[in-house]
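K.L.:
With the sequences and hints as input, model every part of the structure.
So you can see what is in the structure, the chains are spelled out below.
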Amino acid sequence: MSDTRSTDVHSETTDTPADTGTSTDKDLTEAGSRLSTAPVETAMPGSFGGSRAPGALGWISWTAREVIGWARWFWRQLTSMRVALLLLFLLSLGAIPGSLIPQSGTNAMAVQAFKDAHDVRGPLYDRLGLFHVYSSVWFSSIYILLFVSLIGCIVPRAWQFVGQLRSRPPGAPRRLERLPAYATWRTDAAPEEVRAAALKALRQRRFRAHVTGDAVAAEKGYLREAGNLLFHVALVVMLVAFAWGQLYKSEGNKLIIEGDGFANTLTQYDDFKSGNLFTADDLVPYSFTLRDFTGTYERTGPNKGTPRTFKADLTYSEGAYGKEKKTTVRVNQPLHVGDSKVYLVNHGYAPVVTVRDGKGKVVFHDAVPMLPLDANVTSQGAIQVRDGYRNAKGEKEQLGFGAIFVPTFAGAGQGSMFSQFPAADNPVLAVNAYHGDLGVNAGVPSNVYQLNTKNLKQFKGADGKILKARLAPGQTMKLPGGYGSITFEKQVKEWAGFQIVQQPGSGWALGGALAAILGLAGSLFIPRRRVWVRATTGADGATVVEMAGLGRSESAKLPEELGDLAALVHDQAPTKTADPDADPDREPDAASHVPAAEGVQTK
Amino acid sequence: MTLALATNEHLANLSNTLIYSSMAVYTLAFFAYIAEWIFGSRSKVARTASALTAEAPRAAEAPAVAVKQAGGTAVLERPKVVTRAAAGARDVPDGPGAHGGDEQGDLYGRIAVSLTVLSFLVELAGVIARAASVQRAPWGNMYEFSITFSTVAVGVYLALLALKKNVRWIGLFLITTVLLDLGLAVTVLYTASDQLVPALHSYWLIIHVSTAIFCGAVLYVGAVATLAYLFKDSYENKLAGGGKPGRFATSVMERLPSSASLDKFAYRVNAAVFPLWTFTIIAGAIWAGDAWGRYWGWDPKETWAFITWVAYACYLHARSTAGWKGRKAAYIALVAFACYLFNYYGVNLFVGGMHSYAGVK
Ligand code: HEM
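Heads up: the sequence lines are chains A and B, in that order.
When we follow the UniProt record's numbering, the leftmost residue of the first sequence carries the number 1, and every step to the right adds one.
When we follow the UniProt record's numbering, the leftmost residue of the second sequence carries the number 1, and every step to the right adds one.
Hints are all accurate, no fakes.
Per label pair, the in silico range of CB-to-CB distance:
hint	chain 1	residue 1	chain 2	residue 2	range
1	B	338	A	560	33 to 39 angstroms
2	A	333	B	249	55 to 61 angstroms
3	B	338	A	282	40 to 46 angstroms
4	B	231	A	124	40 to 46 angstroms
5	B	192	A	327	32 to 38 angstroms
6	A	138	B	338	22 to 28 angstroms
7	A	539	B	103	48 to 54 angstroms
Honestly, the hints are just simulated from the structure, not real lab data.
Glycine is no exception: its CB is placed at the ideal position from the N, C-alpha and C atoms.
P.N.:
Take a look at the structure:
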C-alpha cells in the first residue's frame with residue numbers, strides 16, 4: 001500500500017525530501033482553510049508612510065499615508081480576536097465594582113452613607129464614577145469599543161461567509177492518512193466508479209460535494225457559521241434595543257386609594273422620570289381605577305408577619321373612551337397596555353378622617369394615605385385642611401394634624417405607637433394638631449406626608465401640655481377654644497402604590513436574546529466538517545480508495561460519520577477479495593504506511 | 001388549616017431525615033471511592049511515558065479493513081476508521097480510571113457507584129418531600145438551593161455514567177464536595193420550611209432557578225475536568241520534558257484520562273451548557289421585568305450572572321482563537337466557574353441586593 005502516494009496527482013514543485021514535513025503541514029492547513037470565518041491575526045506594522053519625497057507635497061502625501069496606515073492598523077487591531085477577548089475581559093472586570101460599591105441608581109441612600117463614612121475614598125470614587133459604574137464614561141467606552149469591534153468583525157465575516165457559500169470545498173490534501181479520521185481499502189471497481197459512488201453517497205447525506213482531480217471533496221455544516229453570525233448580530237440588536245429603551249423610557253409613581261382612579265397623563269403622576277428623548281406625547285393613553293387592594297400575612301410561626309399575597313383589583317379602559325375591563329395586578333403580574341406596564345410596588349393604609357369647625361360643619365372628610373415606616377406598616381402622615389375652614393372668630397385659617405397610624409396597636413397602656421402586625425386588626429391613629437398657615441399655597445412643592453410647621457401654632461391642652469390623642473375608629477378629639485374637632489371614622493381604606501413604566505424596545509431585546517440563543521446553539525452544536533474520497537489506481541492495477549475527514553472542532557462524531565460514509569461507498573466498491581490486506585489474522589504493518597520520517601504526530 | 005399545617009411539618013421533618021440519611025450513604029460511597037483509588041494504586045502502568053517516548057506510531061493506527069470470519073467464508077464489513085489526534089497534539093492513551101485495572105479496585109468502584117445511586121435517590125426524595133411540605137419548587141432559600149444543587153450535580157454525574165462517558169474518576173471529588181455542600185446546608189444555611197414572599201411567586205422563577213441549578217451542576221463537572229486537565233497536562237509536560245514525577249502523582253495521573261481527552265471533555269461540557277446559561281439569564285431578566293418593572297437593573301446578582309456569562313464567553317472565544325487553547329483557556333474556565341460560585345455564595349451572603357432572599361440571618 002505504500003504505492004498510494006506514488007500515484008498522487010497533487011505533486012508540489014517545492015516538495016523536496018528535506019521539507020516533506022512542513023509541506024504536508026502546509027497542505028493540511030490548506031485543507032482546513034475557510035472552515036470558519038475567524039479573522040487571522042496580522043503582524044505589527046513598521047512605518048506606513050514609506051519613503052518621503054522632498055518638498056511640501058512629499059510631506060503631505062507621506063503624512064496621509066502614515067495617518068491612513070495607522071488608522072487601518074488601529075481598526076485591524078480593534079477588530080482582531082485578541083482585542084475582542086481583551087475587551088470582553090475588561091467588560092467583566094469593569095462590572096465588578098458596581099456590584100460591590102453602592103450605586104446611586106439603585107440605592108442613593110447607601111451612596112450617601114458611604115460618602116459620609118469615607119472622607120478619602122468617597123470623593124475619589126465619585127471622581128472615578130464608581131457610584132454609577134454602568135453609566136460611567138470608562139464602562140461605556142469599554143462596551144462601545146467592544147460593539148464597534150463586533151460590528152467591524154461581523155461585516156467582513158459575513159462577506160467571507162457568502163464567498164464560502166459560493167465557492168466549492170477545497171481539493172483533497174496529498175496525505176489523507178494524516179487527517180483526524182481516515183479509512184482505506186482496495187477494490188476492483190474503477191476509480192471513476194468509486195468517485196461517482198462517493199459523490200452520490202455524500203450528496204445523499206446533504207454534503208456539498210464535487211470532484212476535483214482524483215478525489216471527491218465535500219463539506220457540510222455551514223449552519224455553524226450562520227449560527228455564529230446570527231449570534232453576534234443578535235448581540236448588536238440587544239444592545240441597540242437596550243439603548244433605545246433607555247432613551248425613550250419613562251417611569252413614574254402613583255399612589256392610589258381604593259376607589260380612586262388614574263389617567264395616564266403627566267400631570268397625574270406623583271413623580272416622573274424619563275429618558276432623554278422621551279416626550280409627553282409618547283405616553284400610552286389609558287385610565288384605571290383601584291377597586292380593591294388585598295394583603296394577607298402569615299399569622300403564626302417564625303415567619304409571622306411575612307407577606308403572603310398582595311393583589312390590586314383594577315378596572316381599566318384603553319384609549320380615551322375604551323370599554324371598561326377588569327383585571328388583577330399582583331407583584332409579579334403587571335397590567336400591560338401597549339408599551340406601558342403598571343406594576344404594584346407598595347401599599348399602605350388610608351384612615352378616613354373627618355374634621356369639623358367650631359359650629360360642627362364638616363370642613364374635611366377624606367381618606368388620608370399614610371406612609372409606611374416599617375415591615376409592620378407603622379405609618380406616618382399629615383392631615384391638611386387647606387380651605388373652607390374658619391376659626392371661632394370667623395377668620396380664614398388652615399388646620400394641620402400630624403399623624404401616626406398603626407394597623408395593629410399593642411393595646412392600651414402597652415408601649416409606644418409601633419405596629420405589631422401588618423394587617424389592620426386593631427387600628428389606632430395618633431394625632432396632634434396645629435393651626436395657622438400650612439405654607440402650601442406659595443407654589444412650592446410640599447410634602448403631603450409631613451407638615452411644614454414654620455407658620456403653624458400647635459394646640460395645647462387645658463394642662464398646658466401639647467394636645468395629642470390616640471384615636472380608635474369612631475373616636476373624636478376636640479380642639480380647644482372652639483376650633484372644632486377631628487374624628488377617626490370607622491373606616492380604614494388601603495392604598496396601593498403603582499409604578500408605571502414604559503420602555504420601548506423590550507420586544508426587540510427579547511427577540512435579540514432568543515435569536516442569540518438560537519445562533520449560539522447552531523454555532524456550538526453543529527460541527528462543520530470536510531470529507532475527501534480519493535480513488536487511484538495502484539501499482540498492481542487495483543483501485544485504492546482513501547477517505548478522510550476533517551472537522552472545525554475535533555468532534556467525536558467525525559470518525560463515526562466517516563465510517564457510515566465509507567460503508568456506503570464500500571457497498572458500491574467492495575474490498576478486493578484476493579487482497580492480502582483483507583486477511584484478518586495479519587497485523588497490518590504500520591511502517592509501510594507512515595514512514596518514520598513523517599511520524600510527527602508524537603511530538 | 002391546622003391539619004394542613006401538621007402535614008407540612010411532618011413532611012418537613014421527613015425531608016430532614018432523608019437528607020441526613022443521604023449524607024450517611026454518601027459518606028459510605030465516599031469510603032468506597034477511596035478504596036477504589038487505594039486498590040487501584042497497586043497496578044503500576046506507565047502508558048503515558050511509553051506513548052510519549054515511542055518512536056513509531058502505534059500499530060492500531062494503521063488502516064485496515066475489518067473482516068468478519070463467518071462459517072469459513074470471509075464476510076466483508078464496513079471499512080475501519082482510523083483516528084488520530086490533530087497535528088501537534090499529543091497522542092496519549094486514556095488511563096483506565098481510579099481502579100487502575102485492579103479487579104478489587106473495580107469492585108469497590110462499582111460499589112461506590114451503587115451507593116451513589118442509592119444516596120442520590122434518598123436525597124432526591126428529601127428534596128421532593130421538602131417541596132411538598134412548602135407546596136412549591138424547593139429553592140426559596142439557600143438551604144433548599146444547596147440540597148437541590150447537590151442532588152442535580154450527582155444526577156448529572158450519574159447521567160454521564162449512564163451515557164458511558166469516562167467520568168467515574170470524578171466520583172471521589174464530587175462526593176467530597178457534595179458532603180461539604182450538604183454539611184454547610186444543614187448547619188449554617190438551614191432554614192425552616194416556609195412559603196415564599198409574593199415577589200417570588202412566578203413561573204419564570206421556576207424556569208430561571210431550575211435552569212440555573214442545572215447549569216451550575218454541569219459547569220461544576222466541567223470545572224473539575226478542567227482542573228484535572230491542568231494537573232494531567234503538567235504531568236505529561238514533565239514526562240515529555242524528561243522529568244520524573246513523584247510516585248503518588250504518577251499513580252494518580254496514570255489513571256486519569258489523557259490531558260487531551262480531559263480538555264476536550266471539559267470544553268464539550270462547558271460549551272454544551274453555555275446556551276442554556278444564556279437562556280437562564282434571559283429568563284431571569286424576564287422575571288425581573290415582571291417583578292420589578294425593569295428587565296435589567298445591574299443588581300449584584302444580575303451583575304455577577306453577567307460577569308459569569310462574559311467569562312464563559314471569553315473562554316469559548318479563547319478556544320476558537322488558536323493561540324489561547326490549552327492551559328490559558330483552562331484558567332479562564334476556572335475563573336468563570338469561580339464567578340458562578342461567587343454569585344451563589346458570595347453575593348447571597350456578603351453583598352445582598354434585591355435578590356437577597358437567602359433566608360440566612
Ligand atoms: C459582545 C462581545 C462578544 C461576545 C459576547 C461573543 C461571544 C462569542 C461566543 C460565546 C462564541 C462561541 C461560539 C462558538 O464557539 O462558535 C463566539 C465565537 C466567535 N466570535 Fe464572538 N463574541 C463577541 C465579540 C466578538 C468580536 C468583537 C469578534 C471579532 C473580532 C468575534 C468573533 C468571533 C468568532 C470569529 C467566533 C467563532 C469562532 C469559531 O468559528 O469557532 N466575537 N463569540
